[in-house]
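These protein sequences, in sequence, are chains R and P. Counted from 1, the first sequence has number 107 at position 107 by my numbering; the numbering is strictly sequential. Counted from 1, the second sequence has number 26 at position 26 by my numbering; the numbering is strictly sequential.
Source of the hints: derived by calculation from the structure; they are not laboratory data. Take these hints with a grain of salt, some might be off.
[Unchecked claim] Below are the DSBU-like pairs computed for lysine-lysine, each with C-alpha atoms no more than 30 Å apart in a straight line: (1) R/LYS43 - R/LYS219; (2) R/LYS240 - R/LYS119; (3) R/LYS45 - R/LYS31; (4) P/LYS114 - R/LYS231; (5) R/LYS219 - R/LYS119; (6) R/LYS119 - P/LYS114; (7) R/LYS146 - P/LYS114; (8) R/LYS31 - R/LYS43; (9) R/LYS219 - R/LYS116; (10) P/LYS37 - R/LYS219; (11) R/LYS116 - R/LYS240; (12) R/LYS146 - R/LYS119; (13) R/LYS219 - R/LYS231; (14) R/LYS146 - R/LYS231; (15) R/LYS231 - R/LYS116; (16) R/LYS231 - P/LYS37; (17) R/LYS219 - P/LYS114; (18) R/LYS240 - R/LYS146; (19) R/LYS240 - P/LYS114; (20) R/LYS116 - R/LYS146.
Owing to the predicted nature of the structure, the values given are computational and were not obtained by experimental measurement.
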Amino acid sequence: MKDTIIVEIPRYSPERDAEPHFQRFEVPVYKEWVVLDALNYIKDKLDGSLTYRWSCRMGICGSCGMMVNGEPKLSCATFLSTYARNGAAVRVEPLRYFPVIRDLVTELSDFLAKLKRVKPWLLREDEPSLAQGEFLQTPEQLEEYKQFSMCINCTLCYAACPVVGLDPVFVGPAAIALAQRYNKDSRDEGAEERLAILEHPEGIWGCTFVGECTRVCPKHVDPAGAIQQYKLTAALDWVKSFVMPLGRKNKDVDHAGKAA
Amino acid sequence: MPEKPLSKAPIYTEFHPRWYRPHVSVYWWLGQRQYLKFILREISSVFVAWFVVLMLLQLRALRSGPDAYSRFSHWLQNPLVIAINIVSLFFVIFHAITWFNLAPRAMAVRVRGKQLPEIMISAPNYAMWVVVSAGVAWLVLR
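So that you can see chain R by itself, here it is in the shape it has in the complex (with noise of 0.2 Å):
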């Protein structure tokens, strides 16, 4: 006889349900599923209107996020047995502190416009014409912010941030971790103009540095790491203000060994 495992889902249709309702599924546990291969196997077996998303399941497109047993994790990166070995039920909801739209579906415009805000893009104060060819970087600038630019959006790192859930202006950590690889990057220019965007309570001083971003991060990005060095730029950022009146002027902002 196979192994099972009880999953219980909070279900929520906004046509019928003012709040979720649980829902309990008996699964198979094979010693490769991992919990999206429960979820499919209820879409395919069970009940085909429970409602999640996934792509890739190889932790790459970064959609199948959720809670875990109370744990922010990618639904296709954790195994089910971990789970079935307690005997007990393992419990999969929407990740946390987003608003639900259906069953494990979360509302992700909000998420979506706070990473627009920080502008990840290069900033450049000078177009170069395409004639002039690429801009080459070296592999120590590109190890400067290879890190932070690893990540998936897959908002693991907001489900797991009290103060995302207490201040939703919070701009978050994913999004203020890719300010900081922009910033980071010896092609980018735009430092000073995104320091003036998150140097608020709303961006990086409403970090009070709990640090389970970093823990929960699939792709070891690091966002906590990110917010707080910006907090160090951003400090003394504001000391050279004081000291150098006029220097602000000049690019002097994080702008160390940028090519020419």
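The hints should help you fit chain P onto chain R, whose structure is shown.
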């Protein structure tokens, strides 16, 4: 638009007819060990402040002469004050350790293009702590 009872006319948000927005409890930090640790770390700053106040009171007593200082020393021996100070000591140590452990997060030091390992940031902090503590102990206990 959350927590509204169902009505005939749905309330339209930007993209969806309705959505459910769970409420964040005031006791959100009780549910998870990491959150509790974070809150304790935040609260520890109160005890750090208490030790600063205590030192200022001690300095004031010292300035006011031997009588005032012995009265202050006597007050310190009050069981309640001792209890508060023991709890404070625990929190201040907790504060220091969590602070040093988090320091590498905030400081990404690069040497010749390579990021220094975390231990290279936190270890000097701990070393300084030991040296300063030993210095203070030598001053007080000699």
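Consistency of the hints with the structure:
Distance restraint check for R/LYS43 and R/LYS219: the Cα-Cα separation of roughly 28 Å lies within the 30 Å cut-off, and the hinted pair is therefore satisfied. In summary, the hint linking R/LYS240 to R/LYS119 is supported, as the alpha carbons are separated by about 24 Å, within the 30 Å threshold. Of the supplied pair hints, the one linking R/LYS45 and R/LYS31 holds, its CA atoms being roughly 19 Å apart against a limit of 30 Å. Annotation: proposed proximity of P/LYS114 to R/LYS231 holds, straight-line Cα distance about 22 Å (limit 30 Å).
With a C-alpha separation of about 22 Å, the suggested pair R/LYS219 and R/LYS119 falls inside the 30 Å cut-off, and the hint holds. Note on R/LYS119 and P/LYS114: the hinted pairing holds, with a Cα-Cα distance of about 27 Å set against a maximum of 30 Å. Between the alpha carbons of R/LYS146 and P/LYS114 the distance comes to roughly 12 Å, so the proposed pair stays at or under 30 Å and holds. For the suggested pair R/LYS31 and R/LYS43, the alpha carbons sit about 20 Å apart, so the restraint of at most 30 Å is met.
Our distance criterion of 30 Å between C-alpha atoms is met by R/LYS219 and R/LYS116, whose separation comes to about 21 Å. Annotation: proposed proximity of P/LYS37 to R/LYS219 holds, straight-line Cα distance about 24 Å (limit 30 Å). Restraint check for R/LYS116 and R/LYS240: the C-alpha separation of about 28 Å stays at or below 30 Å, so the hint holds. Restraint check: the Cα-Cα separation between R/LYS146 and R/LYS119 comes to about 18 Å, which is no more than 30 Å; the hinted pair holds.
At roughly 22 Å between alpha-carbon atoms, R/LYS219 and R/LYS231 fall within 30 Å of each other, so this suggested pair holds. Among the hinted pairs, R/LYS146 with R/LYS231 is consistent with the structure: their alpha-carbon atoms are about 20 Å apart, no more than 30 Å. Using a Cα cut-off of 30 Å, the hinted pair R/LYS231 and R/LYS116 holds, with the two alpha carbons roughly 20 Å apart. With a C-alpha separation of about 22 Å, the suggested pairing of R/LYS231 with P/LYS37 holds against the 30 Å cut-off.
A threshold of 30 Å between alpha carbons decides the hint, and for R/LYS219 with P/LYS114 the separation of about 20 Å falls inside it, so the pair holds. Between R/LYS240 and R/LYS146, the direct Cα distance comes to roughly 28 Å. Compliance with the 30 Å bound is thereby established for this hinted pair. With a C-alpha separation of about 27 Å, the suggested pair R/LYS240 and P/LYS114 falls inside the 30 Å cut-off, and the hint holds. With a CA separation close to 20 Å, the supplied pair R/LYS116 and R/LYS146 stays within the 30 Å bound.
Every hint from the earlier list agrees with this structure, and none is contradicted.
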